[in-house]
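Chains as they are written, first to last, in our numbering: chain R, 0 to 428; chain D, 0 to 428; chain F, 0 to 428; chain W, 0 to 428.
If you're looking for bench data, these hints aren't it; they were derived computationally from the structure. These figures come from a predicted structure and were not determined experimentally. Careful: at least some of the hints might be erroneous.
The list makes no distinction among identical chains, and a pair is therefore deemed to hold if it is satisfied within one copy or across any two copies.
[What the hints assert, rightly or not] Within a straight-line C-alpha distance of at most 25 Å, the following computed DSS-like cross-link-like pairs (lysine-lysine) qualify:
hint : residue 1 : residue 2
1    : K306      : K209
2    : K220      : K373
3    : K220      : K233
4    : K15       : K62
5    : K190      : K220
6    : K417      : K233
7    : K209      : K190
8    : K373      : K233
9    : K15       : K61
10   : K344      : K306
There are 4 protein chains.
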Amino acid sequence: MRATPDTIPDILQDYKRIRARTERICAPLRAEDHVPQPVIDVSPPKWHMAHTTWFFETFILKKFLLGYKPFHHLYNYIFNSYYESIGDRVLRENRGFLSRPTVEEILDYRAYVDEQMEELVDCLLPEQEAEFMKFFTIGLQHEQQHQELLITDIKYILGHNPLRPEYEKGHLAVEVDTEYTIPEAVYLPVKGGLHTIGYIGESFAWDNEKPAHQVYINDFKIQNRLVTNAEYMKFMYDGGYHNFRYWLSEAWGLVEAEKWEAPMYWQRIDGEWLQYTLHGLQYIDPNAPVTHISFFEADAYASWAGKRLLTEAEWEIAVQQYKPKLSMQAFADAEIYQPQPLDVKADYATTCHQLMGDVWEWTYSGYFPYPGYKREEGALGEYNGKFMINQMVMRGGSCATPMDHIRPTYRNFFPADKKWQFTGIRLAE
Amino acid sequence: MRATPDTIPDILQDYKRIRARTERICAPLRAEDHVPQPVIDVSPPKWHMAHTTWFFETFILKKFLLGYKPFHHLYNYIFNSYYESIGDRVLRENRGFLSRPTVEEILDYRAYVDEQMEELVDCLLPEQEAEFMKFFTIGLQHEQQHQELLITDIKYILGHNPLRPEYEKGHLAVEVDTEYTIPEAVYLPVKGGLHTIGYIGESFAWDNEKPAHQVYINDFKIQNRLVTNAEYMKFMYDGGYHNFRYWLSEAWGLVEAEKWEAPMYWQRIDGEWLQYTLHGLQYIDPNAPVTHISFFEADAYASWAGKRLLTEAEWEIAVQQYKPKLSMQAFADAEIYQPQPLDVKADYATTCHQLMGDVWEWTYSGYFPYPGYKREEGALGEYNGKFMINQMVMRGGSCATPMDHIRPTYRNFFPADKKWQFTGIRLAE
Amino acid sequence: MRATPDTIPDILQDYKRIRARTERICAPLRAEDHVPQPVIDVSPPKWHMAHTTWFFETFILKKFLLGYKPFHHLYNYIFNSYYESIGDRVLRENRGFLSRPTVEEILDYRAYVDEQMEELVDCLLPEQEAEFMKFFTIGLQHEQQHQELLITDIKYILGHNPLRPEYEKGHLAVEVDTEYTIPEAVYLPVKGGLHTIGYIGESFAWDNEKPAHQVYINDFKIQNRLVTNAEYMKFMYDGGYHNFRYWLSEAWGLVEAEKWEAPMYWQRIDGEWLQYTLHGLQYIDPNAPVTHISFFEADAYASWAGKRLLTEAEWEIAVQQYKPKLSMQAFADAEIYQPQPLDVKADYATTCHQLMGDVWEWTYSGYFPYPGYKREEGALGEYNGKFMINQMVMRGGSCATPMDHIRPTYRNFFPADKKWQFTGIRLAE
Amino acid sequence: MRATPDTIPDILQDYKRIRARTERICAPLRAEDHVPQPVIDVSPPKWHMAHTTWFFETFILKKFLLGYKPFHHLYNYIFNSYYESIGDRVLRENRGFLSRPTVEEILDYRAYVDEQMEELVDCLLPEQEAEFMKFFTIGLQHEQQHQELLITDIKYILGHNPLRPEYEKGHLAVEVDTEYTIPEAVYLPVKGGLHTIGYIGESFAWDNEKPAHQVYINDFKIQNRLVTNAEYMKFMYDGGYHNFRYWLSEAWGLVEAEKWEAPMYWQRIDGEWLQYTLHGLQYIDPNAPVTHISFFEADAYASWAGKRLLTEAEWEIAVQQYKPKLSMQAFADAEIYQPQPLDVKADYATTCHQLMGDVWEWTYSGYFPYPGYKREEGALGEYNGKFMINQMVMRGGSCATPMDHIRPTYRNFFPADKKWQFTGIRLAE
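With the sequences and hints as input, model every part of the structure.
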């Protein structure tokens, strides 16, 4: 997409839509909810709101808008996340210590930057357009990534509060049918051989999805759906968390030291398992996909089940073959304006399904550069490449991912012990 | 003081005055300021507001008011500070992770408890009065202690924010006269021999001030005023922070590891020293007492100056002899309602002065039980006695201490490395 | 290899040769050198001597020798490394706290087990042979792995001692020619396409080298030799350790926190770089391969040089194509009996060389299971599979690897920040 | 004591006797026992042997012996403990990583320094004598302090080894009479009022015992003997380690985090309590004083018993009044040459006893300067004064203290959580 007199209105529409969604996600919060950073991974919601704005200010307004006056001379220090090229910044672990700027001041910051962005779009010179569009698109994609993090971080902040508050009044909880049991999973064949994976096309994709390249895989079989809560409970009741045999060595150290015994957000009350959802504490839906588990748990479950996880190449090739539809439940999308269930739901389809838009599926692939990978030049080169170590690839997008942010080649990545994203398990054999 | 039909209105007046002052201290804050816990020592302001309320609920309403219905069944878990006898609680280091209850909910909690307290006072049975008055008095003293902590904790939260916001608009900053230099300190004689220290009387005093008992001290001389910022800067410019000779071994380890080089809140900007005060960044008043220094720094300064700190017995005996007036600057007092300087001020008096109400004076006395000390029974026994190890006694009260909370026998105590209270230095020889 | 009446004498010969070499490696040590564990990765030499013995005792003697009486009932607790299936054990981080058993007692333990092993081999039943040979072979391979660790751990213990003692008197130091400069590296073509990697054959290979499987790679070019000390110094003098641009994000955190500035064992004395070798401190040979660098440093060097590291598949395919000879310098080999240089040497060959037996070459491949990988059953299943996370693959073997332990398919693995092995850099483009 | 032609032979005799005793204490050790530092408090035995030698080299030979050539130029770096004035040194926590110099080299170092000391004494100039004697005496006292630490550090190293080896063959174990029960303790009156404590006299005493000064104490009663193992077990069986009420707040944190449940070296085997002694594991003597407990445990025991610990002034005044004899069991003394029990023994005397030479008695007094205290000039000023914070005073000397190192005014000091010295409990009321 290139900005032309015709496309400009469109891109402003996109800009407004995406920027508005960020504020919509934060709308149900109280000012106090915007402050804590209960673990280093979880950033304060107002920080997300400001950091995404700082991104436009830093990479676009300061570069393209002549005479642009930054909103506040210290915001670059406060809201730079990890760009060494952009200078000093608040240490990541200290984000939760900052009560100021307030939410109100940050909303003013957003309004100011939005206004200046509109002004810039109006007066953009033709020779700036190509470069502008590159940063502009990345700015929007970046904000969408933070929308997903906003949802998972809000869930963490509220879900670890002893009061277990719900995120927003008026949503309908997921209806749970504890009587019915979903049919046994089946394993569907995927044809091996030489395949091409990675992004091909003209739309946006991150540098880490490129270049497209050939890989050879063996024939294998893929589970037609995600592992359910009921299935995961079997693993738990079979002593899964107490038997080193299923666990990687580093994982077992954590299981013992931190006394893992269930997915994040599960808690046992009077002998019954409940889970915190954005609706508050709920009974566990036996047929819904298990979520909020680490790679370590996904791998241990697979060992226990006598199966294995897929590699990212296998996953992408299976998607090429089965052409799944996107799950329609993604709640961070436009639909967030309508009260609806804020959690991953059971899905009773019979073909290969739940591949995209339910939970991120842990793969047994490290997050490394594709053959021929080139980092972006300049500060954007810090976006993806510098994290290519000690992280595992997840595929498929989750119910918290913006719908138009999901695609088959998308590579998400997290350390193997992280659980606070909507993550899940799909098996292969 | 015992509650009688006559005293009851008085005690309610006290109660209302003290409770209102807590809320007055918090009034200038934004909701976001109520949340962070940037270091373990500093509690979120709303936590102080709720915890002092929980104290009345737990130790008075639940005991004395028939049929009392707690405001929320989880608040005991959330707002119990350290009373093992009262049950489980949020770990101290996790207070800053709790966005809920909100400030508004906590103000509702305060209103509810206040109302129930009034009701209780109305219907108190004569046989309850003695016991009631004991807890009631402690509840108020406890809240006054937290008022001082509120001020120092707010100062920490705002003063460590990169924006260095001021606490409240409209206060006059301390007027700084950088031309004038206060006269050299003189050392005034204190008569040694057998003296009695500790609390004697019928008013309130903490258990740790009792019993009064005899101590023998040698004749000594006491500095007639506090060490000033200008004097402390001489120590700094003489390499005080870079010479192990002045420091206790444990202190030197911290100086090196944490790169200490000035009191807390001082920062050098363009070659000039400024300090964060509740009015924002200010030039340093050379004649004002140095404050926000640890025991370790006070002791190192004394070594450098060829003097020493007092013991707590010496300090109390000097006060008996010189009968100092309370400094009238205490800003956490009723005067908080009037705009006034929110920091310790220079004082140009010529007799022995600044002993009470300016800064807490570090003594070279460990916080240990007085001979014959008895802990309170029950949960209140956890109030003071269990902290009698690895802490140093401070005397005199500070500009942040409520005026009617300052008395010559008062023993405050903190670990030797803490700096965030309004602490200062007085020398002896 | 299967034990038959004919092979038995051979296997005992192997056994004796390998067991003797362990003791030969330790022979120059003083008893005191056998005790410390200066970092968690480095085990005390006597621990290696006992643990390799425990391996034979636990997996062979206890299983195959009727009425076998363990040498000491507590040695299983003391010398089990990480086998959860075998029971409790001394925590890894506490190995250096154990002065007992003494070296002498451990040599007795070795002699006892060796004697029992001989007895067992004598009386082995035909139906035991297959199973016996499997464990026996692994026991010897295991001991060879520990021989390499012995050398690198001894180097660490001696090389971090302020006295920088040499390992053994009488060895000739590497001759360093600081005048001569090796020719520029050239990049040799490797043909891409579908290739098979992984172990095929009847000899021993670890489970993690199997199964052999097809991979597709692009054409690429491989550096004909290893990166030299002189080249690495250019990176250093060009500010390589002070420019975040070359480093992975996690690496940069370490570089700054731990103030990395050169390979391990390098130190600057009077403006001159020296390195600790097993001969003591030596001037750095500009033409020798740089060694004792982490994956992070290898990757940063490659970024600085505008090149990249190989993947393990690329490396193995290049070896198939260029069929390099094993470097003859491996000092942990039989040659250890002859005084010779105990370090990696410069090599002036002009074809693709130094691929095997000089330094382990870091690849940009995570240590993960090969497609179709199956863990061993039982305790041996803990040998490799459970470490397949957060480690990078190294290929080629080093000058410290026993010669008959090096093969093209061998996968070694270490976390990306480790430096104490003989590791090095080969680039690709 | 001043060196004169007559005293010189005597001082050499003292020197030889004390130096020989250090080596005698180490004689039963294996070379390997000399290396570990299992916790930061415990130094490797060979380090003690070298450090005490370094003390004579640094403070005497380098100053008084013209042309003295240090034994090794790096030993100052390796064996300086904490003297900032003497320059850089190996970090305390790294002492256990040093296998070199070996025990043999250190014995050579000792012999070299001893020889040079004799030479110096021969040629000492009259005008050097006073200064020399001061350092010489401190050097010997210093070595005696390390003799006690040697014993407790050896006990730690051997006693935490899973093999629980005994220190020396041939000693008789303490005979334990589990049938007999020692009579109930009685509380003997001590007369209060004004008393003088601190060292007065011409012999040696540390700076921290001076100046003698007056203190006022109340009348009190002192337990006539030490608390026994049987009594302490009652505390344990009454849930002492599981009831926060008896513990200081900081103590309770440790009890819970580290799961304290008995004195150090106690372990329960098959339901029976044993303790590691230098004879190996032994049944616990119910009548012997409990030992290896922290201040925190002593204080908790006192709370449980409804009593309290003494202050150091009370202790010293009680000794003035009761004039106890030194226990004759001190095993680090000359008697170490004879096989004898290496542990604190039951003592059935009926007067006030066990005050000196059994176990160090924890007092509820912080280790602070006496009124009028002056630190030594120069490096020796670092000996005592810089540790006067966050430590508690212990009095009386233990069975591991050299006999001629025990005196009523002696102030030993350790942090409140330390247990590895021979410490015990005496109560007051």
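*How would you label the pair K190, K220 (within, between, both, or neither) given a Cα cut-off of 25 Å?*
within (9 Å within a copy, 31 Å between copies)
_Status of K306 relative to K344 across identical chains (alpha carbons, at most 25 Å)_ = This pair counts as within: shortest intra-copy Cα distance 24 Å, inter-copy 47 Å.
_Reference check for the pair K417 and K233, CA-CA at most 25 Å: within, between, both, or neither?_
within (22 Å within a copy, 39 Å between copies)
*Give the relationship of K220 and K373 under a CA distance limit of 25 Å: within one copy only, between copies only, both, or neither.*
Result: close only across copies, 17 Å inter versus 33 Å intra.
_Intra- versus inter-copy proximity for K209 and K306 (alpha-carbon distance at most 25 Å)_ = between (30 Å within a copy, 18 Å between copies)
*How do K373 and K233 come out at 25 Å by Cα distance, when the copy is not named: within, between, both, or neither?*
between (45 Å within a copy, 24 Å between copies)
*Up to 25 Å between alpha-carbons, please classify K15 paired with K62: within, between, both or neither.*
Close inside one copy (21 Å), not across copies (57 Å); limit 25 Å.
*How do K220 and K233 come out at 25 Å by Cα distance, when the copy is not named: within, between, both, or neither?*
within (22 Å within a copy, 51 Å between copies)
_Within a copy, between copies, both or neither: which one fits K15 and K61 at a CA-CA cutoff of 25 Å?_
Only inside one copy: K15 and K61 sit 20 Å apart there, 54 Å across copies, limit 25 Å.
*Given identical chains, is K209 near K190, meaning Cα to Cα at most 25 Å, within a copy, between copies, both, or neither?*
Both, since 23 Å and 22 Å are each at most 25 Å.
Going through the hint list in order, the structure satisfies each hint without exception.
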